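Enquirer: Chains A and B, in that order, give the protein sequences. Just so we're aligned, residue 1 is where the first sequence starts under the working numbering, counting upward by one. Just so we're aligned, residue 562 is where the second sequence starts under the working numbering, counting upward by one.
Some hints here could point you the wrong way.
[As the list claims (entries may be wrong)] Taking lysine to any residue pairs in the SDA-like style, the calculated list, with each CA pair at most 25 Å apart, reads: (1) B:K700 <-> B:D676; (2) A:K544 <-> A:L483; (3) A:K535 <-> B:V620; (4) B:K700 <-> A:V551; (5) B:K700 <-> A:K42; (6) B:K700 <-> A:P354; (7) B:K700 <-> A:G355; (8) B:K753 <-> B:T726; (9) A:K539 <-> B:G575; (10) A:K535 <-> B:R731; (11) A:K535 <-> B:D595; (12) A:K42 <-> B:A729; (13) B:K700 <-> A:G531; (14) B:K700 <-> A:I537; (15) A:K533 <-> B:P730; (16) B:K700 <-> A:K485; (17) A:K533 <-> B:R731; (18) A:K266 <-> B:T726; (19) A:K543 <-> A:G471; (20) B:K700 <-> B:P664; (21) A:K539 <-> B:P730; (22) A:K535 <-> B:P730; (23) A:K533 <-> B:G593; (24) A:K535 <-> B:G574; (25) A:K485 <-> A:L540; (26) A:K535 <-> A:Q179; (27) A:K42 <-> B:T726; (28) B:K700 <-> A:L483; (29) A:K485 <-> A:K543; (30) A:K535 <-> B:V712; (31) A:K533 <-> B:L728; (32) A:K533 <-> B:V712; (33) B:K700 <-> A:C353; (34) A:K544 <-> A:G355; (35) A:K533 <-> B:D595; (36) A:K266 <-> B:L728.
[To be verified] According to the in silico footprint, chain A covers these stretches of chain B (three or more CB under 8 Å from chain A): (37) 580–594; (38) 608–614; (39) 713–721; (40) 731–744.
Note that these hints are calculated values from the structure, not bench results. No experiment lies behind these values; they were computed from the predicted model shown. Just so it is clear, CB atoms sit at the ideal spot from N, CA and C, and this is done for glycine as well.
Chain by chain, the residues:
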Amino acid sequence: MHTRLLSGNEAVALGAWEAGVAVGCGYPGTPSTEILEALAGKPGVYTEWSVNEKVALEVGVGAALAGGRTLVTMKHVGVNVAADPLFTASYTGVRAGLVIVTADDPELHSSQNEQDNRNYAIAAKVPMLEPSDSQEAREFTRLAFELSETFDTPVFLRMTTRLSHSKSLIEPFAGDAPQRTEAPLAPGFEPDPRKYVMIPGHARARRVAVEDRMQRLIEAAEDHPANRIEWPDGLPADAIAEFGVITSGIPYSYVKEVAPQAPVLKLGLVHPLPRRLLAEFAARVRWLYVVEELDPVIETQLKAWGIDCVGREAFSGIGEFSPTIVARGLGRPLPAPTLSPQLEVTVRRPGLCPGCPHDHVFTELRRLGFIVSGDIGCYSLGVLPPYNAMDTLLDMGASLTMAQGMDLVVPPEQKGRIAAVIGDSTFAHSGITGLLNAVWNGRDGLYVVLDNGTTAMTGMQPNPLSGERMGRSDAPSLDYALLAKAMHIPDDRLAMVDAYDTATISAALEHLAGQSGVRLLVVLGLCLIEGQKLKRIEKLDLKKTVRRELVRTHPLGGQHE
Amino acid sequence: MSEVFNALLVGVGGQGIVLSSDILAEAAALSGLDVKKSEIHGMSRRGGPVFSHVRFGAVVHSPVIPTGAADLILAMEPMELLRWAPWAGPGAAACYLAAPILPVGVEEYPEGLADELARLFPRLVRIELASIRRSVPLKVRNTALLGAASVFLPLELDSFAAAITVLAPRGSAEANQAAFDTGRALAEAQLKEPADVE
Ligand code: SF4
Chain A
1 MHTRLLSGNE
11 AVALGAWEAG
21 VAVGCGYPGT
31 PSTEILEALA
41 GKPGVYTEWS
51 VNEKVALEVG
61 VGAALAGGRT
71 LVTMKHVGVN
81 VAADPLFTAS
91 YTGVRAGLVI
101 VTADDPELHS
111 SQNEQDNRNY
121 AIAAKVPMLE
131 PSDSQEAREF
141 TRLAFELSET
151 FDTPVFLRMT
161 TRLSHSKSLI
171 EPFAGDAPQR
181 TEAPLAPGFE
191 PDPRKYVMIP
201 GHARARRVAV
211 EDRMQRLIEA
221 AEDHPANRIE
231 WPDGLPADAI
241 AEFGVITSGI
251 PYSYVKEVAP
261 QAPVLKLGLV
271 HPLPRRLLAE
281 FAARVRWLYV
291 VEELDPVIET
301 QLKAWGIDCV
311 GREAFSGIGE
321 FSPTIVARGL
331 GRPLPAPTLS
341 PQLEVTVRRP
351 GLCPGCPHDH
361 VFTELRRLGF
371 IVSGDIGCYS
381 LGVLPPYNAM
391 DTLLDMGASL
401 TMAQGMDLVV
411 PPEQKGRIAA
421 VIGDSTFAHS
431 GITGLLNAVW
441 NGRDGLYVVL
451 DNGTTAMTGM
461 QPNPLSGERM
471 GRSDAPSLDY
481 ALLAKAMHIP
491 DDRLAMVDAY
501 DTATISAALE
511 HLAGQSGVRL
521 LVVLGLCLIE
531 GQKLKRIEKL
541 DLKKTVRREL
551 VRTHPLGGQH
561 E
Chain B
562 MSEVFNALLV
572 GVGGQGIVLS
582 SDILAEAAAL
592 SGLDVKKSEI
602 HGMSRRGGPV
612 FSHVRFGAVV
622 HSPVIPTGAA
632 DLILAMEPME
642 LLRWAPWAGP
652 GAAACYLAAP
662 ILPVGVEEYP
672 EGLADELARL
682 FPRLVRIELA
692 SIRRSVPLKV
702 RNTALLGAAS
712 VFLPLELDSF
722 AAAITVLAPR
732 GSAEANQAAF
742 DTGRALAEAQ
752 LKEPADVE
């Protein structure tokens, strides 16, 4: 640890490691990705990228039930994928601490929606902590494990993009390096079917236990150390302040920035809310502001309790806050811009990297008049100019399944003109089940996997198709040909082509477009950035050879030896 | 120093903005100051604009610089300096690398960009690509720019040197330090004798 300036994500990893975490798993997704990357390789902890968030959470619940403290990380939309085990893990409880990081993305910096996952904490009846800077991210991770064990519940740690990706100083280590404390529980699974086997009869009893736990949590929230009132120096404790602010997370830092003297109730535990503490604070200020990003969660609860406050009237529920927005909402003076450029600023859009191996596919699909059902990842940039080659994008894996839905109802002239395009990581995440659905239901469709050998959008994480696992140790990779065979996709409807062989790609697309039934085209190329990394660790040649071999043995039309 | 100093580092994905801002933030931390920084990831590597906010002082609350409060803008690209100009506070300094990276589909920038930047920022250092192309390898050009910008930064040179040792990728501390020194010298020379405006 050569610097004390840590990002929020690095600080979560540090806090988890210090708290004796035994297992860390998750699925990469901006802005959550760096947490596991920072945790990987630290002594005494097993880390993995799981194939998707549902799998990660289930691995996590298993590990916790067997007695190991576990950290599961994902971005906000990942929680949607993991929602199924989440709601029931709330019933089973955890035994050893289970902390689920949800990294929300106000302003949609790199996401398809802006959901506020505090709603999940409420719906799943799981407590949630939300830090405001790196030191708190470190501390709250430990507090989350403790809360999890004390109340036998999964605990959410809510991060947001700004918190995950900003750096601030952490408190110095006791010695030269961070100290890891032993987790309180010894590993070992103790059978308890009434608690861990959620058949309806057992679950009904657990439902009551969850309610009881919630009541105890509500009580504990009143003096939880993560919540505090900051009363200005010099203002008598019994005075009524002109105005005060209730806030949490990164907006707290903006409030302190623009109104350093305002009384603040800072919530670190954002679910459940401490009713008495909130009421006490409200009684001490004339105007009560609630500064919260995205949904009016605190505001709605306050109003339901009959506590008057100013929230959405002053602060939009759309997008990320900034010191400027918070200052405006609180009616604080704002610095006026001093410079006004007289030249127009040229727009700069992100795009596929120049030379990205997969741009040709987009150009060709457009030339052939395909409706393109797209997916999450770098290739979502295919929607922008100069490609303009994507018509829909919903969530991980939806390219294949939406294409199936469209194909069911389109008029004859659009029949057979729908192609699904998906990356390799996303294909492993939730594309395979979509392909299986197509085969099983006897559907028609052209499915194109753009395999770039990595999970590029989030920064080059390995996946089940890239022959590596976390930490770049070698792993078997899924065999497309055997997968196709297992799914009864005939040889002449499967092709593997080299991404740089544009003529063959065009020929393959034309050939497959003319067929019916499920057709799978795998376009193998290496992401340029991943290629540079592989070169540095001397794995590039090997990987290229493996890919060339795939292309050689599974050419267009199934004419292989 | 009681006030907070706000530095905004901007450029295009892949230009090393994040490392530069890490070095700057570390230098401030090593000077005993409170530091916060904030940057954008994700789309950055695909040629989009990237930025990093670095704030240091006795106590820093927000990791984000309020609009109209930047004391210094360091730009790795001219249009990016123009894009972020509205963030400048009164009397802000700027430092930029005169090496345009045209966005996809754009042939050339509007005429008079250099003049406009000079008009907006009376305290300006402009680093010509030609002046560093040979002496500073591509990989450490960002550090040369940081060296140039350091003339406007209220931090000791020793802190930058220490920060470079801590943060430069393995084996590149010397190259980074050399680049920093080159940039610093160019900026000092330029501030002594005002450059002709092209
Ligand atoms: S990061 Fe890789 S896969 Fe993504 S656009 Fe660039 S080259 Fe293509």
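Enquirer: Evaluate each hint against the coordinates.
Expert: Okay, the hints, checked on the actual structure:
no., hint, in the structure
1, B:K700 <-> B:D676, "28 Å, violated"
2, A:K544 <-> A:L483, "21 Å, holds"
3, A:K535 <-> B:V620, "44 Å, violated"
4, B:K700 <-> A:V551, "35 Å, violated"
5, B:K700 <-> A:K42, "29 Å, violated"
6, B:K700 <-> A:P354, "19 Å, holds"
7, B:K700 <-> A:G355, "20 Å, holds"
8, B:K753 <-> B:T726, "29 Å, violated"
9, A:K539 <-> B:G575, "23 Å, holds"
10, A:K535 <-> B:R731, "17 Å, holds"
11, A:K535 <-> B:D595, "39 Å, violated"
12, A:K42 <-> B:A729, "22 Å, holds"
13, B:K700 <-> A:G531, "18 Å, holds"
14, B:K700 <-> A:I537, "19 Å, holds"
15, A:K533 <-> B:P730, "14 Å, holds"
16, B:K700 <-> A:K485, "47 Å, violated"
17, A:K533 <-> B:R731, "15 Å, holds"
18, A:K266 <-> B:T726, "38 Å, violated"
19, A:K543 <-> A:G471, "16 Å, holds"
20, B:K700 <-> B:P664, "21 Å, holds"
21, A:K539 <-> B:P730, "21 Å, holds"
22, A:K535 <-> B:P730, "17 Å, holds"
23, A:K533 <-> B:G593, "36 Å, violated"
24, A:K535 <-> B:G574, "21 Å, holds"
25, A:K485 <-> A:L540, "29 Å, violated"
26, A:K535 <-> A:Q179, "36 Å, violated"
27, A:K42 <-> B:T726, "23 Å, holds"
28, B:K700 <-> A:L483, "43 Å, violated"
29, A:K485 <-> A:K543, "24 Å, holds"
30, A:K535 <-> B:V712, "38 Å, violated"
31, A:K533 <-> B:L728, "19 Å, holds"
32, A:K533 <-> B:V712, "35 Å, violated"
33, B:K700 <-> A:C353, "18 Å, holds"
34, A:K544 <-> A:G355, "17 Å, holds"
35, A:K533 <-> B:D595, "35 Å, violated"
36, A:K266 <-> B:L728, "34 Å, violated"
37, 580–594, "holds (count 4)"
38, 608–614, "holds (count 3)"
39, 713–721, "violated (count 0)"
40, 731–744, "violated (count 0)"
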